[in-house]
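**Student:** These are the residues of each chain, in order.
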Amino acid sequence: MRMSAAVPATRPRSAATRPARRRAAPALPVYSGPFGEAQAERLLWRAGFGPRPGEASALADKGLRGAVLSLTHPPRARLEGPGPTDSKGRPIAPGDAWGHDHLWWLDRMVRTNQPLVERMALNWHDWFATGDVGATRLNLAQNSLMRRRALGSFSALLTDITRDPAMLLWLSGTENSRDAPNENYARELMELFTLGAARGYTENDVRQMARALTGFTNDWSRGVGPHRFRFEAKRHDGGVKRVFGRRGKFDWRDACRLCLENRAHPSYLVTKLWSYFVPTPPAPRTVSSLSALYVHGRYEVRPVVEAILMHPDLHEGPRLVKPAIVYVAGLLRTRGRPLTTESWTWLSHLSGQMLFQPPNVAGWDEDRWLDTATICGRWKAANTSLQDQEIDTGDQTYDVAETPEAAVSSAIAFWGGPGITPETRGRLLAFSQRCADGIEHRWQQRSYRVLRQNALRMLVATSPDFQTC
Amino acid sequence: MAHHHCRDFDRAAFLRGVAAEAGRGLPAVKPGTPLPAGTGLSRRSLLMRSAGMAMSIYGASALSPGAFEAGVAEAAAASPNAPVLVSVFLEGGIDSMSVLAPTGDPKYRRLRPKLSLPDGAGSAFAEDDRLRWHPAAASLAALHGAGKVSVFPSIGYDHADQSHFTSRHYWEVGQTNANAATGWLGRYLDRVGTGANPLQGLSLDGSLSPALATAQAPVAAIEGPGSYEFWGRGVWGDVEEWMHEAFADIGAAHASSPGALGAAGAVAARAGQLRRDLLPFRDDADGNKAYTSPVEYPAGDDFPERLAGLAAMLAAGLPIRCVALSAGGDWDTHDNQEEDFADSLKLTADSLAAFQSDLEARGLADRALVLVWSEFGRRAEENGSAGTDHGAGGTAFLIGTRARGRMVGEFPGLGRGLDAEGNLRATSDFRGVYSGLLEQWFATDAAAIIPGAAGFARPELVR
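Protein chains in written order, with this note's numbering: chain A, 109 to 577; chain B, 10 to 472.
For the record, the hints were derived by calculation from the structure and aren't laboratory data.
Just so we're clear, the structure is a prediction, and the values are computed from it rather than from any experiment.
Quick reminder that beta carbons are idealized off the backbone N, C-alpha and C, glycines included.
Among these hints, one or two may not hold up.
[What the hints assert, rightly or not] Here are the simulated DSBU-like cross-link-like pairs (lysine-lysine), alpha carbons at most 30 Å apart as the crow flies: (1) A:Lys342 - B:Lys123; (2) B:Lys355 - B:Lys298; (3) A:Lys488 - A:Lys196; (4) B:Lys355 - B:Lys123; (5) B:Lys355 - B:Lys116; (6) A:Lys488 - B:Lys298; (7) A:Lys357 - A:Lys342; (8) B:Lys298 - A:Lys196.
[To be verified] According to the in silico footprint, chain B covers these stretches of chain A (three or more CB under 8 Å from chain B): (9) 524-534; (10) 560-568.
The shape of chain A in the complex, shown without the other chains (with noise of 0.2 Å):
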């Protein structure tokens, strides 16, 4: 995740205990300027995983407010088109076979009719980025739950993670009791889930708060793994802790309930959603807004991220690099194709993300997804998209007279027409020429105009453009 903005300092140590003061929200701007197929291709990748043939055109007739609340009220899941296989065309098996809850969770990206909510599912993994625990089918519950609750309430949805059998494995939560407490749950709680690193805690507040979150266990046996997970009085530590100054025989709620208010909370919550659509950081005036929005919606998230997606940042505002599940789904979204080879597990390693294995609980690192390696790796992703898609020298159909301008069209063209910079427009055009150019020969007429505009193809996919949203 991205922290756009350093957020807003707290108050000492007493004033953090206070919820934070309910008042009027000032009103947040709303994008005003044109809303065409541009502003909405914006919208489809920042807000999911980029248009399918069709989408942009048809979101733009709903205009702006018609289409960020056509996407945060989505009709009905479904998903549409082939599902996925592996490249012998067996269905994937995302319970058992290494590498396809990957494979399962980028074909809903893919293909679903619900992008927010899916996108939102990803932001929720980054913020509360649990690795494999070794029982997949406890990953994907976790994720189950992450879409279930995409745009719901934020309390509720902190409350179930907390006692989310991933959750609890991934952080130690069944390995924290009353006579061997371990923090490790309780410092992310604070620091990387709800506050923001030494924003209204204490090093004593996370050993507090450690003793507040006692209480849970599971059981484990060959053949079932970890199961049976349950909060157990017995291992909870009933005693009184003081946590953010305040006293109290504190359970695993409460420890839910204090983070949501301290004050510190709904600065952090706000700004870090933000992060995940808008690359600058929000103005102070926009993180108090923001934050009024959320307290009186109760925790709801469904408006803020409505507000984030409708603010004039958003739409005229720079440009923001896709992350690279998103520039790997949108590969095949745009296209409408299906995913085929479980190829694209390995695939999107290289380009740097990998589901269900975020690098570390802060999961993905949203100001790096672009280095010489990872480019590398996005690069093999659109190859690999193009698969049985490339044109054969030894089609004798194909245009022997095309222009390098028709070319170059017709490759932007064919990924459902980008809006492609003047500087990227040009240098196709001067490769195109080149191409042809290099003709010296009667039968490389039709061959290198086939080369030509697979080539032409990869290079609209890896532009800087296309990378970019």
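Guided by the hints, dock chain B onto chain A, whose structure is given.
**Tutor:** Chain B only, in chain A's frame:
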């Protein structure tokens, strides 16, 4: 059941993510929330600024593949025997008391009832008879016996921060400053590197290491040298070559643009150059390596494979100066530590020993030093889950034929050697070690790179 991580290490993400506007520096950061070096100056502006630097040197075509190629060739020719430093990160905070177990300390078995080394296990550590090498570290112990390893039995800094994010950041930037935006090796490269040699700072983990984050000089990241290829389906011959050039050219056309386009463009331009430099190392169609290693490395893991590739690249004369990579393995051992620790340690030690033999076999050993480090050690007392929580003083190793091979600082002991929180006190400071390496290995003024360098004791590190 595998142990669990707190996994906040490599906080590469999070607050380091506080993005600055291009060219306008970093926003203020709250105490305790360090940016990873290179953030803000990252993608967006780091790369763009590097590009800008190159532009000012070479003019408008600076980012064409040709200019970088010339830069790499010049750098290789200018100093073929330049010293190389390899930084190996043990990510997560290695339990130093399990690498060199203080079995001779009277408090050891009481603090480590489940995790203590069995009597007689491992081998003696010649420089301190209280300590014994873990059996899985045998190859490292052997290197030490041959005088090629300087051991730091409790390295760190005063008032160690127990957040993976913060402590790692300090080590990466070479100062205890949450706001520092460039890595310590990056600052060295900014001083001595060139504007056209991205190989001078090479990350081998498939993403940029913050220790290598520069303000200006270009650096590169690859997974391994063998797989760095850009094949296009249905494209070959002249058209393929022109496609590769066009890919880099399109990037260069954007490299001086602000924001994400510029960042993506600069990366593409650099990738085009790197592809050319690494052509000789590309795996063949059957996935066979284009190079052979004179020694055998442990199989089946990225870490030894990357070290093997690195040795081959050094042997080929590529102008590599500073390298960063992470060792494989799980070091953030909060639970059931023994399950993975020994395997991780053995893989790491065996890989490092193989790399050392490789360099020696290739006649390169006097050119390279390897610094192995971790963000902190772990608490002296084990926790209730047969694991260990975050601590303070940890361990580091400096490996090479040119390493002095003598212990730096002493093991502080488990009595007075522990601080109020029960963590080992540091007996050497990482900033003093960095300063020593800059001066003794790179012959560079440390004061220009490590803030307050004059105030840190300089261990003798190099011979």
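**Student:** Looking back at the hints listed earlier, which ones does the structure fail to meet?
**Tutor:** none
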